[in-house]
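Protein chains in written order, with this note's numbering: chain D, 1 to 599; chain G, 1 to 146.
Hint data in this document are derived by calculation from the structure and do not stem from the laboratory. Everything numeric in this text was worked out from a predicted model, so none of it was measured. Accuracy of the hints is not assured; some may be wrong.
[Unchecked claim] Here are the simulated DSSO-like pairs of lysine-lysine, each with C-alpha atoms no more than 30 Å apart in a straight line: (1) G:K70 - D:K446; (2) D:K417 - G:K27; (3) D:K405 - G:K38; (4) D:K377 - G:K61.
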Amino acid sequence: MKTKTSHFLKGRLSIQQRLPLLICLLLLVSVVVYGFANYYSLRKATLIIADDRLGTISNELNIALSQSAQGIAASLGVAASQRSVIDCLKSGGKGFHNEVVSILDNQHHDSTYVWTELLDDHQVPVLHSNKSTLQISISAKDALSSVKVAPGLPVAGKIYSTNGSVYVPIIAAVADKQQIIGYIILWKLFVSTPKAVAQFSKLVGIGTDFYIGNTDGSLWTDLIKPIPNIPFKINNVSELIKYTRSDGTPMIAKAQLISNTKWFIVVAFSQQSVLSEVDSFVNWLVLIGVVIIAGGILAAWLMSRTIIKPLNQLIITANAISEGNYSTTIPIDMYQNDEVGQLANAFNIMIGQVSRSHYELESKVEERTAQLANVNKELEAFSYSVSHDLRTPLRAINGYSIMLKEDYDAELDSEGKRIVRNIISNAKMMGQLIDDLLSFSRMGKKDLVRAKIDMQELTETVVRELLQHEPAPDKYQINVGPLPPISADQVMIKQALINLVGNAIKYSSKKEEPVIEIGAREEQKKTIYYIKDNGAGFDMAYSGKLFGVFQRLHSQEEFEGTGVGLALAKRIIEKHKGEIWAEGKENAGATFYFSLPKI
Amino acid sequence: MTENTVEVLLVEDNPHDAEMTIRALKKVNLANRLTHLKDGAEALDFIFAKGAFADREIENKPKVILLDIKMPKVDGIEVLRQIKANESTRTIPVVIMTSSKEEQDVITSYNLGVNSYVVKPVDFEGFARAVSQLGCYWLIINQAVE
Numbered sequence: 001m002k003t004k005t006s007h008f009l010k011g012r013l014s015i016q017q018r019l020p021l022l023i024c025l026l027l028l029v030s031v032v033v034y035g036f037a038n039y040y041s042l043r044k045a046t047l048i049i050a051d052d053r054l055g056t057i058s059n060e061l062n063i064a065l066s067q068s069a070q071g072i073a074a075s076l077g078v079a080a081s082q083r084s085v086i087d088c089l090k091s092g093g094k095g096f097h098n099e100v101v102s103i104l105d106n107q108h109h110d111s112t113y114v115w116t117e118l119l120d121d122h123q124v125p126v127l128h129s130n131k132s133t134l135q136i137s138i139s140a141k142d143a144l145s146s147v148k149v150a151p152g153l154p155v156a157g158k159i160y161s162t163n164g165s166v167y168v169p170i171i172a173a174v175a176d177k178q179q180i181i182g183y184i185i186l187w188k189l190f191v192s193t194p195k196a197v198a199q200f201s202k203l204v205g206i207g208t209d210f211y212i213g214n215t216d217g218s219l220w221t222d223l224i225k226p227i228p229n230i231p232f233k234i235n236n237v238s239e240l241i242k243y244t245r246s247d248g249t250p251m252i253a254k255a256q257l258i259s260n261t262k263w264f265i266v267v268a269f270s271q272q273s274v275l276s277e278v279d280s281f282v283n284w285l286v287l288i289g290v291v292i293i294a295g296g297i298l299a300a301w302l303m304s305r306t307i308i309k310p311l312n313q314l315i316i317t318a319n320a321i322s323e324g325n326y327s328t329t330i331p332i333d334m335y336q337n338d339e340v341g342q343l344a345n346a347f348n349i350m351i352g353q354v355s356r357s358h359y360e361l362e363s364k365v366e367e368r369t370a371q372l373a374n375v376n377k378e379l380e381a382f383s384y385s386v387s388h389d390l391r392t393p394l395r396a397i398n399g400y401s402i403m404l405k406e407d408y409d410a411e412l413d414s415e416g417k418r419i420v421r422n423i424i425s426n427a428k429m430m431g432q433l434i435d436d437l438l439s440f441s442r443m444g445k446k447d448l449v450r451a452k453i454d455m456q457e458l459t460e461t462v463v464r465e466l467l468q469h470e471p472a473p474d475k476y477q478i479n480v481g482p483l484p485p486i487s488a489d490q491v492m493i494k495q496a497l498i499n500l501v502g503n504a505i506k507y508s509s510k511k512e513e514p515v516i517e518i519g520a521r522e523e524q525k526k527t528i529y530y531i532k533d534n535g536a537g538f539d540m541a542y543s544g545k546l547f548g549v550f551q552r553l554h555s556q557e558e559f560e561g562t563g564v565g566l567a568l569a570k571r572i573i574e575k576h577k578g579e580i581w582a583e584g585k586e587n588a589g590a591t592f593y594f595s596l597p598k599i
Numbered sequence: 001m002t003e004n005t006v007e008v009l010l011v012e013d014n015p016h017d018a019e020m021t022i023r024a025l026k027k028v029n030l031a032n033r034l035t036h037l038k039d040g041a042e043a044l045d046f047i048f049a050k051g052a053f054a055d056r057e058i059e060n061k062p063k064v065i066l067l068d069i070k071m072p073k074v075d076g077i078e079v080l081r082q083i084k085a086n087e088s089t090r091t092i093p094v095v096i097m098t099s100s101k102e103e104q105d106v107i108t109s110y111n112l113g114v115n116s117y118v119v120k121p122v123d124f125e126g127f128a129r130a131v132s133q134l135g136c137y138w139l140i141i142n143q144a145v146e
């Protein structure tokens with residue numbers, strides 16, 4: 001029972017520990033949930049903004065590139081519509097050479113214009129600009145096959161890679177009366193300088209990548225050099241594309257078709273650059289969360305302390321009261337008017353009532369005790385009278401009977417003598433009764449004086465003293481012990497032994513070989529002593545009457561006695577918080593047991 | 001030893017107890033010079049030679065006083081207290097003879113300086129034995145202050 005309770009208590013945390021823990025858990029859950037919800041919506045919003053930005057940038061680039069391409073194309077269109085060009089082709093490429101070459105030369109604005117030539121309607125080169133610096137290995141036929149060129153609508157073709165550089169053909173049709181009679185094709189280096197790209201990238205944001213490629217996916221360039229195929233597929237130009245760059249950086253990108261061309265432009269941001277704000281938000285969120293949880297734990301601890309402190313006060317006060325200190329109360333003003341304060345108030349009222357009823361009870365007990373003491377005093381006075389006033393006339397009866405017997409013996413006949421004898425013995429008997437009764441009532445108010453008793457020696461003394469009064473002490477076989485010592489009142493225990501051993505002698509006195517055995521048995525908390533005889537015994541049916549005052553199981557003629565001895569023994573043993581009982585059988589002996597606690 | 005020397009002063013209100021005491025002492029020839037008084041007041045008058053005993057010589061101290069406790073007027077305890085409080089009478093041996101076994105009486109008596117405390121047995125034989133032994137002791141064996 002005890003260990004169970006303590007185990008149970010050990011297994012659980014106190015309220016002062018549980019409350020902060022619970023609040024910490026609640027805070028943790030709410031901070032994490034709220035943080036994640038915020039993080040995801042912020043991330044989503046950021047990606048939408050990035051998407052927008054990508055769209056804007058690619059739009060700008062689209063316009064710029066498309067305009068630039070159209071500018072060149074328009075200029076080429078003007079060249080293609082020159083009379084001399086038309087006439088040159090009409091003449092089968094035989095005339096107007098100088099004029100046409102001059103026109104073609106005029107198309108070369110800078111070194112990026114690498115080759116300009118005039119083709120006939122079979123796409124066979126007729127003339128080329130003198131400023132042309134590089135013969136492109138790609139056939140004009142090939143370049144023309146991928147685009148649809150109409151009179152008056154010059155276009156930019158697919159980009160091509162050759163010798164590690166990227167080139168773009170601009171093509172204009174030469175027409176005579178809406179009939180295409182030839183083409184002018186201009187090859188331009190499709191590059192930007194690394195410096196220019198870096199500057200542009202800086203303008204739109206660090207970590208921004210640009211890619212331009214043919215819509216059929218045949219070639220991609222980063223505006224500096226041709227590059228292997230991009231690591232994603234363009235399905236829908238308005239869609240945000242997520243991919244991982246070759247160096248492992250996660251990217252988001254957007255593609256657009258550049259107007260009037262066969263090119264896609266792709267603008268890509270690293271997710272890191274886009275989401276760095278979100279990440280720093282997460283960092284802040286974690287920091288704020290930690291601060292909130294720490295603050296929450298502190299607040300909860302303080303609060304649980306303010307709850308627990310008055311509870312502890314309650315416990316201390318309740319303990320004090322349980323120890324009988326009713327003057328203790330709980331200081332209420334400490335806890336204002338909250339629930340704990342109300343509890344303390346109710347508790348104080350309860351203390352008041354308990355202490356009042358306690359004192360009332362005590363005064364009642366005192367009153368009763370006084371009454372009892374009074375009654376006891378009266379009883380004492382009564383027993384004094386009994387011992388003095390009853391004994392005196394009794395002694396007179398006894399005395400005069402004896403005087404009668406002594407002085408007038410000769411004048412009495414045998415009947416007279418018998419009557420005198422009976423008077424004497426009855427007076428004696430009554431004297432014995434009074435004495436026994438007095439010692440029985442005196443035993444009730446006597447205090448125990450405990451000391452260690454050598455039971456062996458005490459019992460042997462009692463046996464010796466009792467046998468002195470026996471007419472034939474030698475016929476008794478009395479075995480004593482060994483008897484363990486005990487802590488008890490020596491005078492009282494001796495009286496009990498006298499009564500019990502005396503009974504054993506008395507009730508076995510009519511046997512020829514009376515045997516009395518006195519022994520003991522030790523138990524954990526008590527010692528049981530027993531006195532066993534082989535005498536008259538008793539019927540177990542009447543065992544309940546054995547220890548009653550004036551209760552006897554044998555007639556006066558069989559065995560003399562007042563019927564007080566066992567009652568007195570019982571009173572003595574019970575005063576020692578022991579027990580007394582008996583076993584017996586008629587004409588087969590009796591065993592009386594008494595137990596005394598080990599103290 | 002003069003004619004009017006009292007050897008035993010018996011103070012006993014109960015005539016039967018007195019009769020039995022005297023009978024027991026007679027049996028051992030110790031009742032020759034016995035005076036029987038019936039209450040404490042008489043006893044005090046006798047001992048201190050006052051009232052009815054004013055012409056008694058106070059120097060004639062009894063050899064022993066046998067004193068009952070429960071008596072009318074002045075009880076045995078009070079008589080004992082006065083005997084033992086007085087310089088001239090405190091050497092007289094006083095034996096309390098009573099039916100009472102009350103511890104309080106025993107303690108009070110010894111505190112007051114009683115010489116013996118005897119509980120009268122109910123049975124006459126025991127009583128007679130006790131009285132004659134007492135008489136023998138105090139009148140014959142004991143060396144009184146001269």
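Hint-by-hint comparison with the structure:
1. G:K70 - D:K446: Answer holds: K70 (chain G) to K446 (chain D) is near 25 Å, not above 30 Å.
2. D:K417 - G:K27: holds, 23 Å
3. D:K405 - G:K38: Within the cut-off at roughly 28 Å; holds.
4. D:K377 - G:K61: violated, 40 Å
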